[in-house]
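*Asks:* Now for the letters of each chain:
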Amino acid sequence: MMERLIIKSDSINTWLSKIIETVPRVLAPVKIGSKAEFKEIKDAGSVAYDVITTTSSIKSAAFPNTETLFTYEKQGLETKLYDVAEDNFLDTVIWRARPCDAVGFGPLTKIFNWDYKDKLYNERFSRLVVVSFACDKADECCFCTSVGGGPGNTAGSDIMLTKINDEDTLVEVLTDKGRKLIDLCKDCFTDADDSIDKESVLAKVPVKFTREQIHEKLAKAFESPIWKAQSERCLGCGACAFVCPTCACFDIQEDAHGNHGRRVRCWDSCGFTLFTQHTSGHNPRPTQATRWRQRVMHKFSYMPDRLDIYGCTGCGRCSRACPVDMNIAEHLKNIANNE
Amino acid sequence: MSKIGVFICHCGENISATVDCERVAKSASEMEGVAFATDYKYMCSDPGQSLIKNAIREHHLDGVVVGSCSPRMHEPTFRRACSEAGLNPYLCEIANLREHVSWVHEKGEATTLKAIDIVKGVVEKVRRNKPLNAIEVPITKKALVIGGGIAGIQASLDIANCGQKVILIEKGPSIGGHMSQLSETFPTLDCSQCILTPRMVEVAQHPNITLYTYAELDKLDGFIGNFKATIRLKAKSVDYNKCTGCGLCTTKCPQKKIPSEFNEGLGLRTAIFTPFPQAVPNKPAIDKEHCNYYQKGKCKVCQKFCPTGAIEYDKPDEFITEDIGAVIVTTGFNVLKTDFFPEYGYGKYKDVITGLQFERLASASGPTLGEIRRPSDGQIPKKIVFISCCGSRDPAKGIPYCSKICCMYTAKHAMLYQHKVHDGESTIFYMDVRAGGKNYEEFVRRAVEEDHVNYVRGRVARVYEKNGKLIVKGVDTLLSAKPVEIEADMVVLATAGVANKGAEELAQKMHISYDPYHFFAEAHPKLKPVETNTAGIFLAGACQSPKDIPETVASASGAAVKAVSLLSQPTLVREPIIAVVNRCAPPMFSTCVGCFMCETICPYNAIEHEEIKDRRTGKVIKTVAKINPGLCQGCGTCVSFCRSKSIDIQGYTNEEMFAEVTALLNK
Amino acid sequence: MSKLSKDTAALLSEGTVKMIIGYEQGTERPRPAFCHTPEDCERLIFNDQCSNNLAVYLTKKEIIGEDKVGVVGNYYVVKTVIQLNLENQINLQNLVLMTVDGDDIITFGSIDEMQQYVDTHEPVPNEKVLAAIEKIDKMSRSERWEYWKSELSKCVRCYACRAACPLCYCNRCVTEVNCPQWIEPWASPLSNMEWQINRIMHMSGRCVGCGECAAACPLELPIGILTKKMGMDIKNTFGGWKDGSVLSTYNVNDKENFIK
Amino acid sequence: MEEKNDNIFEPRIIAFVCNWCTYAGADLTGTSRIKYSTNVEIVRFPCTGRIDFMLLLKAFAGGADGIIISGCHPNDCHYTSGNFHARRRWMVFRDMLDFMGIDIERIRWSWVSAAEGAKWADVVNDTVSKIREMGPYTEYKKAAKFLEEEKIIHE
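In order, the protein sequence lines correspond to chains W, R, Y and C. One point on numbering: in the working numbering, the residue at position 166 of the first sequence is 166, and numbering is uninterrupted. One point on numbering: in the working numbering, the residue at position 168 of the second sequence is 168, and numbering is uninterrupted. One point on numbering: in the working numbering, the residue at position 128 of the third sequence is 128, and numbering is uninterrupted. One point on numbering: in the working numbering, the residue at position 23 of the fourth sequence is 23, and numbering is uninterrupted.
Keep in mind that the hints were calculated from the coordinates and are not lab data. Because the structure is a prediction, the values reported are computed rather than measured. Wrong hints could be hidden among the right ones.
[To be verified] Label pairs and their in silico Cβ distance ranges:
{"hint": "1", "chain 1": "W", "residue 1": "K180", "chain 2": "R", "residue 2": "A585", "range": "53 to 63 Å"}
{"hint": "2", "chain 1": "R", "residue 1": "G618", "chain 2": "Y", "residue 2": "S150", "range": "15 to 25 Å"}
{"hint": "3", "chain 1": "R", "residue 1": "P131", "chain 2": "C", "residue 2": "T31", "range": "50 to 60 Å"}
{"hint": "4", "chain 1": "R", "residue 1": "E289", "chain 2": "Y", "residue 2": "D254", "range": "37 to 47 Å"}
{"hint": "5", "chain 1": "Y", "residue 1": "N47", "chain 2": "W", "residue 2": "K31", "range": "23 to 33 Å"}
{"hint": "6", "chain 1": "W", "residue 1": "G76", "chain 2": "R", "residue 2": "N88", "range": "20 to 30 Å"}
{"hint": "7", "chain 1": "Y", "residue 1": "R141", "chain 2": "W", "residue 2": "E21", "range": "34 to 44 Å"}
{"hint": "8", "chain 1": "Y", "residue 1": "D254", "chain 2": "C", "residue 2": "T31", "range": "25 to 35 Å"}
{"hint": "9", "chain 1": "R", "residue 1": "E608", "chain 2": "Y", "residue 2": "D119", "range": "56 to 66 Å"}
{"hint": "10", "chain 1": "W", "residue 1": "V30", "chain 2": "Y", "residue 2": "Q49", "range": "42 to 52 Å"}
We put the beta carbon where it would ideally sit given N, CA and C, even for glycine.
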């Protein structure tokens, strides 16, 4: 299903306001200091449109950084388990996502449905409607075009808006979910004629390499010295993983209080030293080089092989977040050109 | 799943009067990990204890909580009971329901609920307690006594007579200390030398005593039962194996004008000398400061005359190290010199002397052979003034304390003077006369009544010289502060007893504490008067505070018993409440990163460095902290300081305390 | 080729050191650079943008190994090396520490020289941070609580602050101790706050004030304020310190007004 | 013992005390039969130096409304210097907490010797009434319980 509409710039907020009224939760980029983050918004005015992208990805809408899996209560030798209630999962509109945010849910969904179908994730994800805005700007960290995406890529979005000029914004309705949002305020929209050329207004993001190059190179790169060379400055913090739209590693923890408690799932990162530490003391990934290799391999080799999808959307968040400027695009380019 | 037994004691009525013990036991039985809970009238009684023992066997308990009186009271009792039933004693803990609940709260709901909470807290702790074993430390069966005064002599003899080895070190050339300088002793007026010298000889001859004179403690390492003492044997320049003590050298020595320390500067000695005729060992040593050979490079007269060729000039100081089990410090005291007192002439008047100097004048072995003659011209003083509390009890002089012995020896001095100079006239200026002690008051009365010593209550403002006489200006506070002025031929100052020079330094060497006046501090002023805060080191005599002879001897024997009771044990058994640095699987080996900031935290220097080496190559992989179980006293300050939580303290582990605190609050 | 590149390249070619750690131009600002060959040294730069505290790598065995390394660091690297040495974390024999002062390159021969440099080159304090501290000090207690709660609730516990700090070198951080679980390992308003409190307490008297913890935070949380404030408090209360951590020592005359 | 009756608030207070001085002092309070309020529960440590600052935070998180920290007077430490180290730690810690808006008025520090049974009772009663005035310490507890905002099915 695909429908092309036009909305006048000044009616966008009218529409958004309507959405805010009707949908329990609307998440949109909000300015925080010099950067922006996805936050729940209560009025249309608070959306930050002038940033290229947010610091953190929107994955937390379906995969919160801390969530309860279940709670328990002990009575003598008896233990009672309680599930998380349905009504914890809110219908949510993600407003002004970027194409690279939208595609991020692809890999996530595959990971959480690989063998075990993760109820909590699926419940949350099924309630998401993604309204993304095509990019007219990009920075030196962006590389979506190198990983099969693009500034106007519609994959994963339910609606995509593209600002054609100061008056008109092209609205591509991509799913029924999206359609429903349009219906909230039909008269904001008019049909768009086919002459409108979306591509011309999109940001230009140079292609630095292709996923296939990387995938092919990685097949022979396991023992390569490049991992040590690239990871030397890596501090082993989790910033990259935590802002990444597709990183799904988590830790399971117990929050026990006497005879009752809960089991908690929280984000983790393969960059941490203890991530693979065994009780025996042995650590299969003893150095930062091996952990960096794992990060790249996982996204560009293991995931395509096992899940038939790449684990990178080219959003460049990890590069922006890194305290020591581990620019992933730069590194991947080296790998691609590595002999 | 643990199996804890909870035993709530009524303590007769003491607890049950305000706490509903049955209910506490009942809710305890519902607590997680509790396998058995009951209450009983007297838990500490025999039936009470067997109740616990039986429960342990019957229910295979792996932990016991007794809700009773304070752990300071019966923790040992119940822990013993547990171990008798085969349960590790450290898996038994006390919930203090008496001192901390029933005795301090009114009867009521809240009180019972608090009792339940406390039990819950302790249960959670015990669930995490680990079995511990008392620590056994070997003991070196040898005592070190520092200081050869009467205290050191007494302590050494007592220990030696118990069949334990003793090393006695004395910094001077002879043992005997101040007591050997005294003439007669109060209150019996028996001759000091006569009662002391036999003891000195006994020390010298005792098979269990090794005596080192002219020796000082250089270093003390280690811990209770296992000290390592480094002793400096100062070169005597005389080979005692060859020397027969004939004394020819001392008669020949050309340096004859050296003020004798033994005579408090009132007599003279030679450069090679024995301090006094009854000295032990009775062999000379060369005083390098005054010896021509050492100072000018030529002389060697003594060597020329020595019939046995015992003189050895160029022998350096020697150092020996000894393994020691216990240490007794008996380094004694000193008295202020006259030059301390501007108002009494800064010591520039020859005939203003200290009490100790007077002892020498009065002593048969002294410079005047026991006749009271004044230093300036050797005349017999007809009028003599004694001033007590010189420095003592005078905060302005920095000595707020009472020197304790002066009242008595001043009375004695006056008495001796009257006995020796029958037409003499003696006056004592005093603040109070403190004559507490067996026959002391009677003694003072005798001085006043039989020997007509004139006691004037008041301080002396000044002593100055006026045409050959000493003028003593003071007030008589009993005669409504009437100023008095006395012409005297000699003035004797009862100067304050003070800590020896270097006391502070010595204390630091041994890690024992000392008071602001550098007297060594006892562990407890009443209940641990001869112990120090450092286990295995004891105190006796005037190094703690001024003491008279009976007191000194008593404390010496006390310290000796403490040392012997330590040395007579096969091994030293200590509570295993000590810190431990964790060890874990390689490649980490320990979570300790070896920053060693805990080293500065530890009051006992118990933190050691351990190098973890590669088994094959022997290469050092990592240096981590290690706690010396002998030194650690278990304060746990390092535990809460350690950033990586690599140190923990047995019996109060992080896990245990965390669990107890959170349990108190969990509903 | 700059003097910096020449000198460092020389160190490598002479074999004095096996590696040079310095700064190179990164995507937006300078970043740490690791030079193994004289050629690598051509990338080296040094300017007041070079803020990373390179000392963080000196406690990473996998990076520096057993070999002698050269470091061209900024003021705070020097200050940190002094502290690390105090805490037995580095072997000065295997370190050639350098910094750039105008046109000349300073090589430090001893801790004293470093101390001397540190004492004489104190950088100007960050006005922004001082202003922020003043602002917070003026707040009421509950305002302060709300401020920190809302700020720290954003923390995702990526531990970039920890990773960037050259003095957070523990093999096992207190946050990874789970017996007992001192700090909940998942992100939550309280555990985030407790993590910061621990960080500050552990830094007290040790922090060199480089501000890398704050710089590293991807969410730009104002955690640099905390270390700075702590440093100021300690200076006021104990008049600074030279002997490492204030908390590992004490003074019988420490003055407080709250123990009654 | 949260609420004895509806109109008086009964605070929960945890006391962290050292074994040698304050614990013994509290024993003396008992042996001298001096009464004080039930709101305080005592945890025994070998020395104030052993008290980990995290335990204070855990007490607040667990629902304590107030905390008492007490040990040997300066110079009386059974381990000679534990309380000096503790004092320093508290000086830094206290400033830190205050700066972060944690209510340090709810933490009572004091020195109570083994001979000061009466003082212990005073310290406790004084603290209890002070905390009673201040009311329950909810903000910290609330922050600790944020996960419980999620609704849970109870079948």
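*Asks:* Hint by hint, say whether it matches the structure.
*Replies:* Hint check:
1. W:K180 <-> R:A585: 53 to 63 Å: holds (57 Å)
2. R:G618 <-> Y:S150: 15 to 25 Å: violated (55 Å)
3. R:P131 <-> C:T31: 50 to 60 Å: violated (32 Å)
4. R:E289 <-> Y:D254: 37 to 47 Å: holds (45 Å)
5. Y:N47 <-> W:K31: 23 to 33 Å: Distance hint for N47 (chain Y), K31 (chain W) holds at roughly 30 Å.
6. W:G76 <-> R:N88: 20 to 30 Å: Once the Cβ atoms are compared, 27 Å apart, the range 20 to 30 Å for N88 (chain R) and G76 (chain W) holds.
7. Y:R141 <-> W:E21: 34 to 44 Å: With a Cβ separation near 38 Å, R141 (chain Y) and E21 (chain W) satisfy 34 to 44 Å, so the hint holds.
8. Y:D254 <-> C:T31: 25 to 35 Å: The hinted range 25 to 35 Å holds for D254 (chain Y) and T31 (chain C), with Cβ atoms some 33 Å apart.
9. R:E608 <-> Y:D119: 56 to 66 Å: Given range 56 to 66 Å: violated, Cβ gap about 34 Å.
10. W:V30 <-> Y:Q49: 42 to 52 Å: Since the Cβ atoms of V30 (chain W) and Q49 (chain Y) sit about 29 Å apart, the hinted range of 42 to 52 Å is violated.
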